[in-house]
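Trainee: So you can see what is in the structure, the chains are spelled out below.
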Amino acid sequence: MIAHRFSVAETLKHAVLMVGALIVALPFYVMLSTSLKSPGEIERNEGGFFGAQAVMTDEYCVKRNEPERAAIEAARRAQPGLDETAVRTALLATVRENCATRPAIFNYVSAFSEAPLLLYLLNGIIVTASIFLLQVIVALPAAYALAKLKFWGRDLVFGLVLFCLLIPVHAIALPLYIALAKLGLTNSYAALVIPWTISVFGIFLMRQFFMTVPDDLIDAARMDGMGEFSIVWKVMLPTAIPALLAFAIFSVVSHWNDYFWPRVVVTGDRSLFTPPLGLHEFRGGGGDGSLYGPMMASATVIVAPLVVAFLLAQRRFIEGITLSGMK
Amino acid sequence: MTTTTVAARRAGWAFVAPALTLMVLILLLPIAGAALLSFTDYSLGGSAPAWVGLENYEKILTQSRYRAMLEATLTYVLTVTPLSIGLGLGAALLIHSLRWGGAFYKTVFFLPAMATLMAMSIVWSFALHPTLGVVNATLGSFCGTGWLHQWGWFDAACRNGFPLWLGDRSYAIWTVCFVGVWQGFGFNMVLYLAGLTSVPRELYNAAEMDGARTAWDRFRLVTWPMLGPTTVFVVTITLIRSFQVFDIVEGFYEQGAGPSRSAYVILFAMYEKGIRENLIGIGAAIAMIFLACVVITSLVQQRILEKKAHYA
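Taken in order, these protein sequences are the chains called H and Y. Under our numbering, read the first sequence as residues 1 to 327, first letter to last. Under our numbering, read the second sequence as residues 1001 to 1312, first letter to last.
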């Protein structure tokens, strides 16, 4: 092997790309770093990447555990010499002590306690998983029929699929919204899922894949007495795993990240918020440094699953995301 | 013939029936619905809708608020498309020609395509915050570097403060564009990298024999023409995605669409009119204009690809 000899051109290329990489990575750095720092450090813009992680008081925790009337009375009886204010101050001091925490922990704990982030994440999982599952249930048999079964009207149906590929979902958002509202379905999981159950792109993709499956495989299955229904799920599905995986990545990434459609159909019921909606709501709190830490912690929690999965299986992800390239 | 073919024929329809039904109910009827609604003054829960003819479209063409919409949308589309394609191609060419380390840059540049855009827009709005943000702090730390002050804009910013990227109407839409490019160019880079690996090596040798000496000659005579189909596709998909910008504006601005509606992009206008203000007629008209932009883009792409196919 030749050692990498120094080359001006090569170094220059690395320099240019490195500057680009720094700019691209900047918001990820800011997000992660801010999610670790204390409110003071955020406001003064100091502390490097990790911040000092000095002990701080969790004000939310203090507010939640403020000494109640009964507790103050009890403490006064125990120490009769003190007046009420002094007892209160003493109790408050204990609370503050118990609420001492490190900034990083404070941010991530508040992210989950100040907004129902766990619920949002759960909603995200429920919605993306149901969408993908339903898409497959609808698309796979149709794709098989369009690729391998001869029946009257097949070309017409396929033509319709190609036509529907042209339709961007945003353009039909209003009529769908009206229909869902008339059915009383806005603010429900159904509204988040139903419009996506039909993926013409999925049908197209799986059909192209099934075209490459040899007919002999299907004929053999028929010889064995398999019905068409079991052929789809027991013969075609296993052969389609690689294509299905790519489609899964495409579908999950786009719906986990989707903000537009949830914004349209979830109009107030916070218990139905998906992660991007929840984050937008969090942002509504506005302003001071004590909010940015928890907000960036939420953002990190929401962005992390896909980014980590991407870093672990890059080739598959790039394949899946650029699938829309075939449209 | 045999029973299997009859069964297969019956199964064929049974298998496409669910998909076909959903396609008609969820995609085709709503298209017709949106088209019809755009000629009415329909509102949800309101009185019976009246037919208003082309009034909604007339409003869009004449009222200043929609002028702002068209301006913001076109500015975004015409800025983000060339920049994210140019940067995507540039990055792909550089990475492709590297001897080592290409995979690292590829990973980093593709990250924004994966990350939740809403989350990252909020992060950007924080990074661009006038006082708390890291961007202005970093720029400010360069003040006093002599040669940079040759640059008039920088010199003035050092004296009067760096801009409110989101709040100043002369910067707002460009900041939105910046985040759009940031998010989109890695996707194009990946498509171009795939295109580059399929360019046969021999073509470069042949071009060199024919007198292509410089890197520019090789690019102009071999790489660029061979990337033609990729470029057609990249341009189409980038245009379509640019028309769909929405999350960035929502992530940046609490209410409205930036200072004096300078970031009033088309989908935001549709959402604001149709959903928030329940003026579904006008919202539907905006949706039809949006649809026209996207469909025309796709059709132009198909025409170009067909023409290419004839002499390829």
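The reader is advised that the hints may include incorrect statements.
To be verified - Footprint (simulated), chain Y over chain H, 3 or more residues, beta carbon under 8 Å:
(1) 9–18
(2) 32–44
(3) 144–156
(4) 159–168
(5) 198–205
(6) 228–235
(7) 270–279
To be clear, the hints were calculated from the coordinates, so they are not data collected in a lab. Glycine included, C-beta positions come from ideal geometry on N, C-alpha and C.
Trainee: Hints broken by the structure, by number, lowest first?
Mentor: Failing hints: none at all.
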